[in-house]
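Peer 1: Work out the full structure: start from the sequences and follow the hints.
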Amino acid sequence: IMAIPYSIMVPIIAAVSFVGVYGIHSGTFDLILMVVLGVIGYILRKMDFPTAPIILGFVLAELMEQNLRRALAITNGDVGILFESPISITLWILSALVLILPIVLRFRARRRQAKAISDSPQP
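Counting in our numbering, the sequence shown tops out at residue 127, every number present.
Accuracy of the hints is not assured; some may be wrong.
[What the hints assert, rightly or not] Now the in silico label distances, taken between C-beta atoms and shown as ranges:
(1) Ile58 / Ile104: 16 to 22 angstroms
(2) Leu98 / Pro15: 44 to 50 angstroms
(3) Ile104 / Gly84: 22 to 28 angstroms
Just so you know, these hints were derived from the structure itself, not from any lab.
All C-beta atoms in this analysis are idealised placements derived from N, C-alpha and C, irrespective of residue type, glycine included.
Peer 2: Below is the structure:
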């Protein structure tokens, strides 16, 4: 299979994918969704996004959603349960840091770089 050129393999895989997607629900919405998600995947690949976290997110999303629904059903829809225990508060803080820290560090690095350029002697 590895000896088959991409110019032959890609159209065959695309055709089989289209037939499979259309065969499941016989609707064009699924075909459009497949194309849109394919374009998004192509863009993410060109932007060098790692695929492992994306796949992990897809795999764990359903489990997380089920457990969130279960927790909200137990508390009659009270979201305060998500912020009550010390463990959950710690996880919320760590999640916020994981999201915010790279942005702050990138901003500081750009500022330092701009300052270094402006402080360098002009010829």
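Peer 1: So, for every hint listed, does it hold in this structure?
Peer 2: Tested hints:
1. The hinted range of 16 to 22 angstroms is satisfied by Ile58 and Ile104, whose Cβ atoms lie roughly 21 angstroms apart.
2. In this structure the supplied range 44 to 50 angstroms holds for Leu98 paired with Pro15, their Cβ-Cβ distance being about 45 angstroms.
3. Checked against the hint of 22 to 28 angstroms, the pair Ile104 and Gly84 passes, with Cβ atoms roughly 23 angstroms apart.
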